[in-house]
Amino acid sequence: AQSVAQPEDQVNVAEGNPLTVKCTYSVSGNPYLFWYVQYPNRGLQFLLKYITGDNLVKGSYGFEAEFNKSQTSFHLKKPSALVSDSALYFCGAGSYQLTFGKGTKLSVIP
Amino acid sequence: EPEVTQTPSHQVTQMGQEVILRCVPISNHLYFYWYRQILGQKVEFLVSFYNNEISEKSEIFDDQFSVERPDGSNFTLKIRSTKLEDSAMYFCASLGQGKETQYFGPGTRLLVL
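From first to last, the protein sequence lines are chains A and B.
Note that the working numbering numbers the first sequence so that position 17 is 13, with each residue one more than the last.
Note that the working numbering numbers the second sequence so that position 77 is 158, with each residue one more than the last.
Among the clues, some could well be false.
[Said to hold, decoys possible] Within a straight-line C-alpha distance of at most 20 Å, the following computed SDA-like cross-link-like pairs (lysine to any residue) qualify:
(1) B/Lys123 x A/Gln93
(2) B/Lys123 x A/Ala(-3)
(3) A/Lys98 x B/His91
(4) B/Lys123 x A/Thr100
(5) B/Lys123 x A/Tyr28
(6) A/Lys98 x A/Leu84
(7) B/Lys123 x A/Ser76
These are computed hints drawn from the structure, not numbers from a lab.
Same shape as in the complex, but just chain B (with noise of 0.2 Å):
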């Protein structure tokens, strides 16, 4: 059964540096999202991306933040100069044409210190 893969699994970064989650959707999806979750609290929607360009941010989404899908196969989100309360995780979800389910994948841990 097709998955959400994501890299790294955790990362831990000094404050102030940059981040690149990767996550590689399912292969015939075509709507990508990323979430996040900060430890004890509920998953929060960031992002959501369709045909090559930010379709709806949330407010979380600010311009630390960015997404890339860089090629066929990969989708990446990018914090520019983390903070402490970036430590969180993060879930890439995709969306196949026509469906209404997002399949998940199984997140990245960030901690920053």
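Same shape as in the complex, but just chain A (with noise of 0.2 Å):
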């Protein structure tokens, strides 16, 4: 069975700074790995995914994540955090049925 873990549940960062949200990943096979975000009374929206290739995979809104296999990590991140990023980050994981981590809030203070 397929896990993922977001061992914070919270993530506090000052505006302007690099921002990073981990997670950890427990699958057979070759992962498909993916992060979403998800706002105040909405859906899940698609940031990026990595299926295979550059471990470095960049995404929406200067979004970007580093597959690491050794680590069985994909940790997000951005350089330079503005406020409108303030959300609930998912990770998952999975190919036709996900298995999401429990979210991490990310707050990004002005």
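Once you've looked at the hints, go ahead and assemble the two chains, each given alone in its own frame, into the complex.
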């Protein structure tokens, strides 16, 4: 069975500073990994994915994520946080059936 | 840009009543999903649907749940006799043939009283 862990319930970062939201996974075979963002009272919005190829993947709104096979991690990063990035972030794994982590609330402080 | 839509956005029902949640997936997508998110918890997979039949379902998806694609556009989730613990946000998602990314609708917030 596949599983995804997001070890931080909340991440606080000052506007303009780099941000990292952590994710580790446990899947059999080659992992399909995703990041989604959820704004209040909204659905999940796709940010980026890793399927194969370059370990650094770039996505929407300046976000990127680094796939690290040896550490089974897929951390979400952004060089300079914006207040509008404040939301709930979900890491997911799977191909036809997604398994999500419990989510990390990102708060960007002006 | 095409998107997944869901109706209603909110539904309040009495325990024991039947509810039907509706979704219109992206038009050329072939794989359809329902997920739920209990308040404050993670998003959980319920069921996947392909070629007019269930392809996978989770332990949550018991006999009280059913899915249907009644026509070429709608995809529905029915809960026959709702329980208090069915209160959650229900998300529909769809996936295109040969693609990897599921696209989610805005969700239906179900409250069972």
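Hints breached by this structure: 3, 7
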